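There are 2 protein chains.
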Amino acid sequence: MAAFIPTPASIPPPNALLRLQDIPNAPPNWHPLSPLSFILRAAQIYPEKVALVHTDVQQPVMYTFSVWAQRIQNLAYALIKAGIRPGDRVGVIAPNSPMIADAHHGVLAARAVITPINTRLKPSEVEYILGHSQCRLLLVDYEYLHLVAGTKIPVIVTNDTGRAGDPYEDFLAEGRCFSQEKGWPGLEAEPDENAAAVLCYTSGTTEGCPNHAQRLVSGGSGERLRGAVSLREFIDARLGANLRSKNEPPDRILPMFHAAGWTFPWTNVFAFAKQVTLRTVNYTHIWNHFLHSGVTHYCAAPTVQIGIVNDPQARRPPQHITAIIAGAAPTAHLIAELEKTGIKPVHVYGLTETYGPFTRNYDDPSWENLLLEERARLMARQGHAFATAEAARVVYPIEGDAVSNGPLKDVPRDGKTVGEIVTRGNIVMKEYFRDPEATQKAFAGGSFHTGDLAVIHPNGSVAIMDRSKDIIISGGENASSLAIEQELASHPHVLEVSVVARNHIRWGERPMAFVVLHPQHAAKWKGRHHEFGKDMKEHAKKRLPGFACPEWVEVVPELPKTSTGKILKTELRKIVAKL
Amino acid sequence: MAAFIPTPASIPPPNALLRLQDIPNAPPNWHPLSPLSFILRAAQIYPEKVALVHTDVQQPVMYTFSVWAQRIQNLAYALIKAGIRPGDRVGVIAPNSPMIADAHHGVLAARAVITPINTRLKPSEVEYILGHSQCRLLLVDYEYLHLVAGTKIPVIVTNDTGRAGDPYEDFLAEGRCFSQEKGWPGLEAEPDENAAAVLCYTSGTTEGCPNHAQRLVSGGSGERLRGAVSLREFIDARLGANLRSKNEPPDRILPMFHAAGWTFPWTNVFAFAKQVTLRTVNYTHIWNHFLHSGVTHYCAAPTVQIGIVNDPQARRPPQHITAIIAGAAPTAHLIAELEKTGIKPVHVYGLTETYGPFTRNYDDPSWENLLLEERARLMARQGHAFATAEAARVVYPIEGDAVSNGPLKDVPRDGKTVGEIVTRGNIVMKEYFRDPEATQKAFAGGSFHTGDLAVIHPNGSVAIMDRSKDIIISGGENASSLAIEQELASHPHVLEVSVVARNHIRWGERPMAFVVLHPQHAAKWKGRHHEFGKDMKEHAKKRLPGFACPEWVEVVPELPKTSTGKILKTELRKIVAKL
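Chain order of the listed sequences is A and B.
Per full-length UniProt numbering, numbering of the first sequence is gapless, rising by one per residue and ending at 579.
Per full-length UniProt numbering, numbering of the second sequence is gapless, rising by one per residue and ending at 579.
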């Protein structure tokens with residue numbers, strides 16, 4: 001690493017002014033909220049502090065805030081030189097690496113809209129997004145060039161070297177040259193804090209819509225993002241409230257292409273934190289950083305968390321670490337494993353349409369006295385909305401026309417009545433891009449409809465029962481597959497479990513469980529999966545009403561997952577349909 | 001304390017909905033920023049957590065977030081019942097105590113404007129403020145009733161008991177009754193995030209304006225406050241970044257009537273923190289809370305900090321404490337004393353017009369290797385602007401007409417050229433209330449003019465040299481009284497020192513130092529003040545250029561101070577004028 005020297009274009013001039021052009025005629029008591037302000041502050045206040053660590057590659061790089069800000073500035077000028085105008089979409093296809101980190105700031109500095117694209121998509125899916133988003137330019141990592149083969153959109157490739165001769169580095173150097181050393185004051189500040197900043201495509205697929213199966217159908221345009229992020233920023237900093245120092249580096253396992261990295265690409269900078277970028281989820285690298293880089297925060301879905309705690313290198317790191325968990329609730333087993341390793345789990349919940357998490361399970365000091373199982377049950381709740389959103393409500397389904405603007409009616413806060421989670425406010429997307437119909441439907445009644453079925457507890461904490469399609473109607477009773485999964489996961493030999501409905505001649509539907517055994521216990525059940533199934537059913541009977549007990553238990557080597565690590569129940573349903 | 005039970009009106013109904021009325025036709029991706037949202041969240045997420053501690057009185061009280069939120073709601077309804085309409089000013093005269101804490105939230109919940117009034121003013125000054133602000137109602141603590149004797153404005157008195165029979169408690173009970181149990185949803189949310197929220201009067205006096213001497217001449221109306229506070233909130237939470245837990249109680253020594261308590265009455269609630277209210281600066285109480293209540297934060301001017309570290313009870317508390325210091329830079333001596341006691345000093349700078357601090361001295365890890373004197377010199381800088389303001393700039397005085405809107409010109413960032421600190425953005429007041437001329441002057445060139453003369457260092461950190469009137473012109477050289485004070489304060493026998501200009505037949509002006517000796521060393525110099533003066537001059541000669549050395553050193557028992565603890569140089573100048 002000592003040998004790495006940033007390219008000449010990345011070296012800022014001495015005494016550089018870290019301020020954008022003044023906004024003409026802005027009132028003196030107002031400035032537009034913008035996440036871009038964070039990198040300018042960080043480069044001003046802590047110029048020599050390490051900002052970006054990308055060392056798990058053949059040609060490692062490491063940038064200070066000062067150098068990174070210059071690279072971001074170069075990118076903005078390079079985009080403007082390439083013809084990018086305010087509001088234009090700039091696509092980015094890259095794993096976590098400096099280029100995509102740069103782009104979250106540099107594209108905004110050019111007043112353009114960053115469009116991160118999932119690297120795990122098929123070329124046809126990428127093609128769809130490029131057409132839908134009307135991207136004007138693409139920043140593509142060398143490993144994903146095949147995804148855009150044949151595109152007519154200009155492509156800037158990075159070889160992820162940070163060295164001169166890398167096409168992306170040449171692009172930045174052109175930007176620096178084009179700037180004529182006007183620096184930040186040569187760039188216009190975006191005067192409208194509601195201007196679009198991010199266009200995300202969700203990772204879900206659309207069931208019952210075969211033309212779009214395996215296609216990304218919705219894009220959230222973050223018109224309010226500039227404001228929302230500024231606030232969100234601080235909230236996310238709060239997630240580390242129990243840490244010794246905010247300035248220690250958080251790790252990033254969550255890919256930045258996913259819901260703009262839940263806005264962490266900006267929030268980390270606000271917190272003056274060092275970001276570690278990992279191209280892949282590699283447990284050796286993760287543990288190396290946990291044990292030797294002083295990492296204090298990371299985000300990951302439960303499946304990745306399971307991989308982390310079960311890695312052979314897992315041991316208690318010298319510093320406190322906070323694991324931000326979303327995608328599914330952490331099970332009692334996972335919570336115990338994380339805490340045993342010295343990692344504090346924080347459960348959050350959200351969607352791409354809310355830039356990732358918008359609720360958090362705020363833990364209560366009184367929980368410390370509870371048994372693990374009971375505490376896990378409380379921690380599995382999705383909790384309360386962040387300060388950046390208005391309250392997360394649970395409402396009755398809108399009667400009649402879903403698009404009517406009839407007022408939403410809250411279900412009673414009894415922890416029992418199931419309704420849909422809705423929210424509204426600064427953290428919510430502006431619209432589904434170029435889809436007014438879907439937008440109108442999503443905002444029926446003036447709030448954003450998550451599609452997640454939940455109850456609300458007397459203290460206002462929401463708890464997801466299921467996505468509406470995940471409810472199992474067993475003998476006329478509504479069984480929550482999520483609730484069943486939680487109970488089955490408490491079986492000590494289970495690593496992961498997923499439950500779906502399977503048709504039943506007598507009960508209509510009955511739960512079927514797909515189980516991945518814990519590696520430490522798999523040998524015990526080898527060739528005896530049927531016995532394991534019996535054992536599991538016994539386990540379930542003690543914990544669940546009869547209609548919610550799995551009728552079938554299938555041991556599988558792994559569960560099908562989306563590119564962002566969520567379990568693909570659609571695939572499990574396909575298997576079930578063939579039985 | 002166990003015996004204290006809140007009044008029946010303060011007890012919230014079970015399962016209360018902690019949400020204001022919906023704003024009609026608000027876009028789903030927008031909600032107005034409002035500090036009021038914090039108490040609603042806190043009461044929802046941590047209803048049973050202690051929010052307010054007021055125990056150093058004959059009738060101690062302690063409220064949870066749930067109970068406190070109900071009291072705030074009661075206050076809002078009571079104000080509405082009393083005829084308060086959106087935008088009306090509600091005056092508050094009280095020391096730090098539950099009523100003024102309530103009012104910071106409850107007045108806003110009635111969509112009115114809180115007008116905190118300094119308890120240390122004279123009745124004639126209060127009368128001026130009441131007339132100027134056109135307050136419609138007054139909330140007054142029993143100890144300050146004499147300040148409003150004869151007013152025609154309705155007065156609600158509190159005896160600060162929290163018990164039934166207290167007129168303020170009766171007022172709250174009336175509010176509860178008037179609410180007809182409609183609760184929070186019966187109150188309108190303020191739809192305009194730029195609506196006025198706070199009207200503060202500054203504590204300064206106006207020199208050269210005899211009619212107004214000892215009078216408060218400017219009021220800052222916080223139209224953007226709702227937005228600014230929401231952001232500021234998080235920043236202030238960051239001040240405690242090095243603490244183990246955000247949820248530990250911060251102490252409040254800073255009076256809430258001063259610049260709305262620097263917005264801490266809201267920020268503490270955002271952080272779910274317990275607030276300790278002290279009616280007076282009582283070092284016994286302060287140390288009691290430091291040692292036994294787990295206090296983690298407090299705000300105070302250097303003079304109060306000196307009192308804290310020199311108190312006989314001072315010892316290392318079990319938890320980390322952060323001292324937020326404003327009003328003047330901490331001296332090397334004070335920094336050393338605080339750190340010795342286990343208190344981390346954080347130096348901030350601001351004015352009433354910016355709701356208190358808008359810059360912070362961001363410390364750098366590299367400073368740890370410096371000698372104390374050098375570190376103190378760096379920590380004395382005012383630093384960089386918070387994220388809630390745009391950059392703090394240092395500009396050349398506007399030439400010609402001060403009110404012209406000519407563009408402001410930055411002085412070079414050389415740490416030498418003296419200019420005026422200006423800033424702009426969401427943390428800045430909207431206007432001097434009912435004084436368009438002063439407003440126009442303060443905002444000349446589109447930024448707020450602080451009146452503080454400073455240099456700007458290459459890293460963008462600002463460092464005040466002096467208020468323009470505090471510069472001493474000695475032999476044609478500009479000597480900064482602040483810089484002189486800093487050097488004199490490093491004398492080990494000095495508790496406090498203040499330097500002003502005194503006319504000199506040869507040099508025009510020469511510095512005169514007023515010194516309060518440290519109690520531990522006062523005996524040594526008893527009857528030998530002349531010798532101490534010589535010793536001090538020797539000390540100065542080693543550290544300062546000749547023109548900046550004090551020509552006169554006067555040992556005094558104490559220094560004259562404003563009601564908020566700032567040293568009154570005006571009074572010292574009056575003494576000097578008579579010599």
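It is worth saying that the hints were derived from the structure and are not from the lab.
Only a predicted model underlies this, so the values are computations on that prediction, with no experimental measurement involved.
It is possible that some hints are incorrect.
Copies of one chain are not kept apart here, so a pair can be met inside one copy or by any two copies together.
Think about it this way: if two alpha-carbon atoms lie no more than 25 Å apart in a straight line, the pair counts; the simulated SDA-like pairs of lysine to any residue are [what the hints assert, rightly or not]:
hint	residue 1	residue 2
1	LYS409	ARG19
2	LYS81	SER179
3	LYS524	GLU143
4	LYS49	LEU372
5	LYS526	PRO185
6	LYS430	ASP192
7	LYS524	ALA164
**Message:** Check the structure against each numbered hint from earlier and tell me which ones fail, lowest number first.
**Reply:** 3, 5, 7
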